[in-house]
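**Q** This is what each chain is made of:
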Amino acid sequence: MGADASDLSLVRRVQRGDKGAFDALVLKYQHKLVKLVMRYVRNPAEAEDIAQEAFIKAYRALPQFRGDSAFYTWLYRIAINTAKNAVVSRDRSPIEYSIDRSNEESYEMQGRMKDSETPEALVLTDEIRSIVNAAIDALPEDLRTAIVLRELEGLSYEEIAAAMDCPVGTVRSRIFRAREAIDRRLREVFEGGLGRTEELG
Amino acid sequence: MNEELDSQLSAMFDDELASGECELLARRLSRDADLKARWERYAVIAAAIRAERGVRLNARVARRVSVIVGSEPEFAGLAAPRRAPRRWARPAAGAAVAAGVAAVSILWLRGQAPPTTVSVAPPLAAVATVRVTTPAVAPAPSPRPGGSDSYVVPPAARGAAAVVPATELANYVVAHSMFSPPMARRNLLSSFMTSEPGEAGAIPVSTNGAQDPPRDAQSNPQ
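Protein chains in written order, with this note's numbering: chain A, 20 to 220; chain B, 2 to 223.
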């Protein structure tokens, strides 16, 4: 079990030219990065723009990433610097996180970016959160404890196993089953829409 | 969807999957849309549990980044320079090794013979031998009255294969010229020509493979 082995295997794939592996890294860390950037900017839409820029910078710098530190640590530093620079330049002039305007698809996507700023999008977030919370409440005690210790407390499987006095394999199974139960609820509500971002909103 | 695969995906999401399994699953994850959608939902669930205030769970960051990254140049071209030096370095290294072996062989061949040719006088042989054994510090030994151990090289060695003809060495260098740089080859050949003792047609060589000073020795009448 190597810490960061998961990220590193994805990073190595990206370095070999597999862009799809970078999607997985972005999907995994986008929320954490937006939350991090929101220490510097209060506007969620602006935070998402900065997080996006940080991801793009990270992608371009990825050939130089040697894995000396964890990928998220490296990404964290890029995001912090990007956010600081954005705050400084915002004070001087309006920030423009423009995607290449010669690219029609990207330009069209910029228009769709506004969708996420609508009240509906905010309502959707609240709805997802309440569904997840309800699903967690409905979980058996052992599954709920395992998933909460993992996601809320950030404990490793080994630490959870020690806390719950059970084998690591059991922890892995409990966390997986908890996720599946929550995911099932989400899919029931959104009819398979969640997780397919193009259908969201 | 295979439950074992999903279980692995869940463990991989938590960085709790063995690296070997991660490699295999990472490949599949980057290509399989269903698996990627599940991966994203795991991330949404994690963010929802952490109740990250202000963070929108339907953020479009990933989608936007994916579109931009899709238009970026491939990394394969950027990663190539790491391997590029090997293409030219391999034959160059081979040539360097071959040239080195040739040079060592020449020096070794020269070192197999006694310090002087038959025509060289004994005092000259003594000077050459001393230079090799104690290069800078030791003074040239003066012949002892007994005369039996006034030199280091045993008499038997002096008699065997005393010389290496310059022409053979020149042929050797020419034969191996493809492995040595032109400048070094030219220097060696010119060295043979200038060091050739004329009528003898041979180069004096020392016993220890160190460089002989034949011209110095010959020009120094003693």
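Calculated from the structure, these hints are not laboratory results.
Just so it is clear, CB atoms sit at the ideal spot from N, CA and C, and this is done for glycine as well.
It cannot be assumed that every hint is accurate.
Stated by the list, open to error - Cut-off 16 angstroms, straight-line C-alpha distance, at most; resulting in silico cross-link-like pairs (EDC-like, lysine to aspartate or glutamate):
1. A/Lys38 <-> B/Glu75
2. A/Lys51 <-> B/Glu53
3. A/Lys76 <-> B/Glu53
4. A/Lys51 <-> A/Glu172
5. A/Lys54 <-> A/Asp37
6. A/Lys51 <-> A/Glu65
Stated by the list, open to error - Computed far set for chain A versus chain B, every beta-carbon distance over 10 angstroms:
7. Asp87
8. Val106
9. Asp110
**Q** If a hint holds in the structure, say so; if it doesn't, say that too.
**A** Each hint tested on the structure:
Restraint check for A/Lys38 and B/Glu75: satisfied, since their Cα atoms lie roughly 8 angstroms apart, inside the 16 angstroms limit. Between the alpha carbons of A/Lys51 and B/Glu53 the distance comes to roughly 8 angstroms, so the proposed pair stays at or under 16 angstroms and holds. Taken as a hint, the A/Lys76 and B/Glu53 pair is broken in the structure, with Cα atoms around 24 angstroms apart against an allowance of 16 angstroms. Restraint check for A/Lys51 and A/Glu172: the C-alpha separation of about 15 angstroms stays at or below 16 angstroms, so the hint holds.
For the hint pairing A/Lys54 with A/Asp37, the CA-to-CA distance comes to about 27 angstroms; that exceeds 16 angstroms, so the pair is violated. Pair hint A/Lys51 plus A/Glu65 holds up; C-alpha atoms about 15 angstroms apart against a cutoff of 16 angstroms. The Cβ of A/Asp87 sits about 16 angstroms from the closest Cβ of chain B, beyond the 10 angstroms cut-off, so the non-interface label holds. Taking the minimum C-beta to C-beta distance to chain B, about 16 angstroms, the non-interface status of A/Val106 holds against the 10 angstroms cut.
Here A/Asp110 stays apart from chain B, with its beta-carbon at least about 21 angstroms from theirs, past the 10 angstroms limit.
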